[in-house]
Amino acid sequence: LRYLAKRNLKPKRYIWKADPYQVLEKIARARTRLEELATIKANYDTAH
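Residues in the sequence shown are numbered from 1 upward in steps of one, following our numbering.
Treat the hints as calculated values from the structure; they're not laboratory data. Hints are not guaranteed to be accurate.
[Unchecked claim] SDA-like cross-link-like pairs, simulated, lysine to any residue; straight-line CA separation at most 25 angstroms: (1) K26 / Y14; (2) K17 / R7; (3) K26 / I15.
[What the hints assert, rightly or not] Simulated restraints on C-beta separations: (4) L34 / Y14: 24 to 34 angstroms; (5) T46 / I15: 40 to 50 angstroms; (6) T46 / Y3: 47 to 57 angstroms; (7) K6 / R31: 34 to 44 angstroms; (8) K6 / N43: 50 to 60 angstroms; (9) R7 / R31: 31 to 41 angstroms; (10) D45 / K12: 44 to 54 angstroms; (11) K26 / L4: 25 to 35 angstroms; (12) K6 / K26: 27 to 37 angstroms.
For glycine and all other residues, C-beta sits at the position ideal for the given N, C-alpha and C.
The task is simple: from the sequences and hints, build the whole structure.
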């Protein structure tokens, strides 16, 4: 916690460097994969 207290004395603005379109693409891929995994789990749960 001392680290945070010391850092907060002189805060620095975060400058986003990533391309926003690449970030949105990654989010879309992650959502798609999570939906796939949820479907697999739902099918597995109903089979037993």
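Each hint, compared with the structure:
1. K26 / Y14: 21 angstroms, holds
2. K17 / R7: 21 angstroms, holds
3. K26 / I15: Holds - the C-alpha atoms of I15 and K26 are around 19 angstroms apart, at most 25 angstroms.
4. L34 / Y14: 24 to 34 angstroms: About 27 angstroms separates the Cβ atoms of L34 and Y14, which means 24 to 34 angstroms holds.
5. T46 / I15: 40 to 50 angstroms: 48 angstroms, holds
6. T46 / Y3: 47 to 57 angstroms: 48 angstroms, holds
7. K6 / R31: 34 to 44 angstroms: Holds - the Cβ-Cβ distance for K6 and R31, about 38 angstroms, lies within 34 to 44 angstroms.
8. K6 / N43: 50 to 60 angstroms: Once the Cβ atoms are compared, 51 angstroms apart, the range 50 to 60 angstroms for N43 and K6 holds.
9. R7 / R31: 31 to 41 angstroms: 33 angstroms, holds
10. D45 / K12: 44 to 54 angstroms: 47 angstroms, holds
11. K26 / L4: 25 to 35 angstroms: Holds: the Cβ-Cβ distance is about 28 angstroms, inside 25 to 35 angstroms.
12. K6 / K26: 27 to 37 angstroms: 33 angstroms, holds
In this structure, every one of the numbered hints holds.
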